[in-house]
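Guided by the hints, dock chain B onto chain A, whose structure is given.
Which chain is which? The protein sequence lines are A and B, in order.
Just so we're aligned, residue 1 is where the first sequence starts under my numbering, counting upward by one.
Just so we're aligned, residue 1 is where the second sequence starts under my numbering, counting upward by one.
Any given hint might turn out to be false.
Unchecked claim - Derived contacts from chain A toward chain B, CB cut-off under 10 Å, selection only:
| hint | residue |
| --- | --- |
| 1 | F13 |
| 2 | I176 |
| 3 | A181 |
| 4 | V184 |
| 5 | G210 |
| 6 | G234 |
| 7 | A303 |
To be verified - Chain B regions said to be covered by chain A (calculated; three or more residues, Cβ under 8 Å):
| hint | stretch |
| --- | --- |
| 8 | 117 to 131 |
| 9 | 143 to 152 |
| 10 | 202 to 210 |
| 11 | 230 to 240 |
| 12 | 274 to 286 |
| 13 | 295 to 304 |
| 14 | 332 to 342 |
Calculated from the structure, these hints are not laboratory results.
Just so it is clear, CB atoms sit at the ideal spot from N, CA and C, and this is done for glycine as well.
Protein chains: 2
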Amino acid sequence: MTTYRRVEEKELFRFAQQVLEAAGTSPENAAIMAEHLVQAELHGLGSHGVSRLLGIYAARLRAGGMNPQPNIRAVRQVKSGAVVDGDHGSGMVVGRYAMDLAIKLAQEHGSGWVAVRNSSHYGAAFLFARQAIAQGMIGFSTTSSVALVAPFGGRKRALGTNPICIAVPGGERGNIILDMATSVVARGKIQLAALEGREIPLGWAVDEEGRPTTDPVAASKGCLLPVGGPKGYGLALIVEVFSALLSGAAFGSQIGSLFADLDKPQNMGHFFGALDISIFAPLDEFRARMDRLVEYIKSVPTAEGFDEILLPGEPEVRKATRYREEGIPIAEDVIKKLDELAKEYQVSPLQSK
Amino acid sequence: MTTYRRVEEKELFRFAQQVLEAAGTSPENAAIMAEHLVQAELHGLGSHGVSRLLGIYAARLRAGGMNPQPNIRAVRQVKSGAVVDGDHGSGMVVGRYAMDLAIKLAQEHGSGWVAVRNSSHYGAAFLFARQAIAQGMIGFSTTSSVALVAPFGGRKRALGTNPICIAVPGGERGNIILDMATSVVARGKIQLAALEGREIPLGWAVDEEGRPTTDPVAASKGCLLPVGGPKGYGLALIVEVFSALLSGAAFGSQIGSLFADLDKPQNMGHFFGALDISIFAPLDEFRARMDRLVEYIKSVPTAEGFDEILLPGEPEVRKATRYREEGIPIAEDVIKKLDELAKEYQVSPLQSK
Numbered sequence: 001m002t003t004y005r006r007v008e009e010k011e012l013f014r015f016a017q018q019v020l021e022a023a024g025t026s027p028e029n030a031a032i033m034a035e036h037l038v039q040a041e042l043h044g045l046g047s048h049g050v051s052r053l054l055g056i057y058a059a060r061l062r063a064g065g066m067n068p069q070p071n072i073r074a075v076r077q078v079k080s081g082a083v084v085d086g087d088h089g090s091g092m093v094v095g096r097y098a099m100d101l102a103i104k105l106a107q108e109h110g111s112g113w114v115a116v117r118n119s120s121h122y123g124a125a126f127l128f129a130r131q132a133i134a135q136g137m138i139g140f141s142t143t144s145s146v147a148l149v150a151p152f153g154g155r156k157r158a159l160g161t162n163p164i165c166i167a168v169p170g171g172e173r174g175n176i177i178l179d180m181a182t183s184v185v186a187r188g189k190i191q192l193a194a195l196e197g198r199e200i201p202l203g204w205a206v207d208e209e210g211r212p213t214t215d216p217v218a219a220s221k222g223c224l225l226p227v228g229g230p231k232g233y234g235l236a237l238i239v240e241v242f243s244a245l246l247s248g249a250a251f252g253s254q255i256g257s258l259f260a261d262l263d264k265p266q267n268m269g270h271f272f273g274a275l276d277i278s279i280f281a282p283l284d285e286f287r288a289r290m291d292r293l294v295e296y297i298k299s300v301p302t303a304e305g306f307d308e309i310l311l312p313g314e315p316e317v318r319k320a321t322r323y324r325e326e327g328i329p330i331a332e333d334v335i336k337k338l339d340e341l342a343k344e345y346q347v348s349p350l351q352s353k
Numbered sequence: 001m002t003t004y005r006r007v008e009e010k011e012l013f014r015f016a017q018q019v020l021e022a023a024g025t026s027p028e029n030a031a032i033m034a035e036h037l038v039q040a041e042l043h044g045l046g047s048h049g050v051s052r053l054l055g056i057y058a059a060r061l062r063a064g065g066m067n068p069q070p071n072i073r074a075v076r077q078v079k080s081g082a083v084v085d086g087d088h089g090s091g092m093v094v095g096r097y098a099m100d101l102a103i104k105l106a107q108e109h110g111s112g113w114v115a116v117r118n119s120s121h122y123g124a125a126f127l128f129a130r131q132a133i134a135q136g137m138i139g140f141s142t143t144s145s146v147a148l149v150a151p152f153g154g155r156k157r158a159l160g161t162n163p164i165c166i167a168v169p170g171g172e173r174g175n176i177i178l179d180m181a182t183s184v185v186a187r188g189k190i191q192l193a194a195l196e197g198r199e200i201p202l203g204w205a206v207d208e209e210g211r212p213t214t215d216p217v218a219a220s221k222g223c224l225l226p227v228g229g230p231k232g233y234g235l236a237l238i239v240e241v242f243s244a245l246l247s248g249a250a251f252g253s254q255i256g257s258l259f260a261d262l263d264k265p266q267n268m269g270h271f272f273g274a275l276d277i278s279i280f281a282p283l284d285e286f287r288a289r290m291d292r293l294v295e296y297i298k299s300v301p302t303a304e305g306f307d308e309i310l311l312p313g314e315p316e317v318r319k320a321t322r323y324r325e326e327g328i329p330i331a332e333d334v335i336k337k338l339d340e341l342a343k344e345y346q347v348s349p350l351q352s353k
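For reference, chain A alone in the conformation it holds in the complex (with noise of 0.2 Å):
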């Protein structure tokens, strides 16, 4: 059974940005960088936190796949959209400048859209479409990703996991955060179950020959299906067209991998976006109309097996209330990596509660 410890956000935060520093990124990225792989943890996503990421960000940064002092900037402005070359940075310092733009574009036409190219790995979308509501702004934030799906009636993997986040800003009830790969489920989850030797349910993955599969060893070998069949096929397609397409990245099987070829650059493109509400309506009024939209909603009966509705992204953020007062768990096995990264990089270990 896996035994968690925890840790507090700010312990949390200050061992990322001290490793990512020691690899060579200056304080102000390394703080972004610390900040959004902290907040991804603290939202019960480990996957795109700490836990998994912190470690083979510091190793590329280390390599030079991943540039630890890019010279960020928009290449073209016109209008409400630019687009933004990211000199191979992380692509939460990266992304983080391009949804700054986004939003400065927004407040001047109302709308603004950034398109990103020659970036890397930028961990969880929510995090950049979420700085939008404070702007009472809707946020944007796509990204293409490492080849791993097949596209609808396909063999082969051709497309990333192809997340979509859309944030829109609520009133007492809360926001609405939708945070969703295109991928019928992670790879995680289909590594999880090779691991533990249990099978996966039919329609996760297909082999190699493109045959649906419930061995999750065969289905490592062969590609993830796209959520919905053609559906998320398409929607995979869309990100992929305005993450990669619009500012000439690299797309599909040209993605360099992320645990790989760790001095090689990514070349990964993203799409970021912001939408003012105040020119369709007055803030107050459409917090209000969310708030009636999340009581109609939670006012629907359940199904069997649910004790109540949620909103996109409400787990999310109870996890985060919660572990911000209990402190964050991280897994006894991820603690002894990090205690290993502390010695490589000659930082503090991280202290636990």
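Chain B in isolation, oriented as in the chain A frame:
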């Protein structure tokens, strides 16, 4: 077995326009509605075409639930956004006005976004989004719709099948036009299975108690399910926010029926958008990138049971090309109903080839 007659595009248009004019709408508005109904039919979407919609649209125009002489206008226009009041006119006419405005705003600001209230059923989503393609823009079109779908974890109808359409201009290899309901299937497929006494696959719908069912009759009394559970539910909720909340249109169960209460406005809302590609890249360059993406996707080896990998929208475009040549197939049963319409509205009956 269903038998079909072939009808020429022009003749179908003539017939639809005359019926709609006889039902009280202006020649110009009847032409817009007829164009949308014929285009949907031409692309193989009889559910959004003359076959299923002409009669009910004419009846609503006569009964007053669809305003035959609407005063459609922008009630708010700020920077790259606008709110359009449809004065309870046909969603096709209102949508055309709103999408034209979105394109105009995009010509000025690089992107344009129009939220619509006081509208009605708008037919096929892609016909609006597609308008942007000719302008070198990406088009967006969503609509809220009559509540038929349970939220994830719920057992009552709360959200519409809430389609999302995104249309992207391509190069020589064609455009990408994704037009998808956010439910697993449309209600029509379940109604058809009930008529034919076939079971439906598990996962399409739940019965009145919210239990998964393969019985199409029980499913018809229950509700449709969102595609991919929480993912489709999240997308449907986002569509509701964009289509209803930004403009202040009705949402959820407040949206009026299309087929009942013919004298009552539906108060439906839509959302349209246009994103000018040239703010990111020269259009020719983008088109070349699209061709490379399409070639990449088409080169993926096919899975068992598939001959080729299709782009979103490609099957419909192929049908349109064929039907334009061969005539549009209209089922005999539908022809009979259209003959009755011809009598009721005193127009020449539809001529088949």
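Hint-by-hint comparison with the structure:
1. A cut of 10 Å between beta carbons decides the hint on F13 (chain A): the least distance to chain B is about 29 Å, and the hint is violated.
2. Taken as an interface hint, I176 (chain A) checks out: its beta carbon lies about 6 Å from the nearest beta carbon of chain B, inside 10 Å.
3. The interface hint given for A181 (chain A) is met, as the beta carbon of that residue sits about 8 Å from the closest beta carbon of chain B, less than 10 Å.
4. A hinted interface residue such as V184 (chain A) counts as satisfied when its beta carbon comes closer than 10 Å to some beta carbon of chain B; here the least separation is about 7 Å, so the hint holds.
5. Contact between G210 (chain A) and chain B, as hinted, is supported at the beta carbon level, the nearest pair being about 3 Å apart and thus within 10 Å.
6. Hint on G234 (chain A) holds. Least Cβ distance to chain B is approximately 4 Å, under the 10 Å limit.
7. Nearest Cβ of chain B to the Cβ of A303 (chain A): about 3 Å, under the 10 Å cut. The hint holds.
8. Under a criterion of three residues with beta carbons nearer than 8 Å to beta carbons of chain A, the stated coverage of the stretch 117 to 131 of chain B fails, only 0 such residues being counted.
9. Under a criterion of three residues with beta carbons nearer than 8 Å to beta carbons of chain A, the stated coverage of the stretch 143 to 152 of chain B is upheld, 3 such residues being counted.
10. Counting residues of the stretch 202 to 210 of chain B whose CB lies closer than 8 Å to any CB of chain A gives 3, which reaches the minimum of 3, so the coverage claim holds.
11. Counting residues of the stretch 230 to 240 of chain B whose C-beta lies closer than 8 Å to any C-beta of chain A gives 9; at least three are required, and the coverage claim holds.
12. Counting residues of the stretch 274 to 286 of chain B whose beta carbon lies closer than 8 Å to any beta carbon of chain A gives 9, which reaches the threshold of three, so the coverage claim holds.
13. With a cut-off of 8 Å between beta carbons, the stretch 295 to 304 of chain B has 7 residues touching chain A; three or more are needed, and the interface restraint holds.
14. Remark: the stretch 332 to 342 of chain B is not confirmed as covered by chain A, as 0 of its residues place a Cβ nearer than 8 Å to a Cβ of that chain, below the required three.
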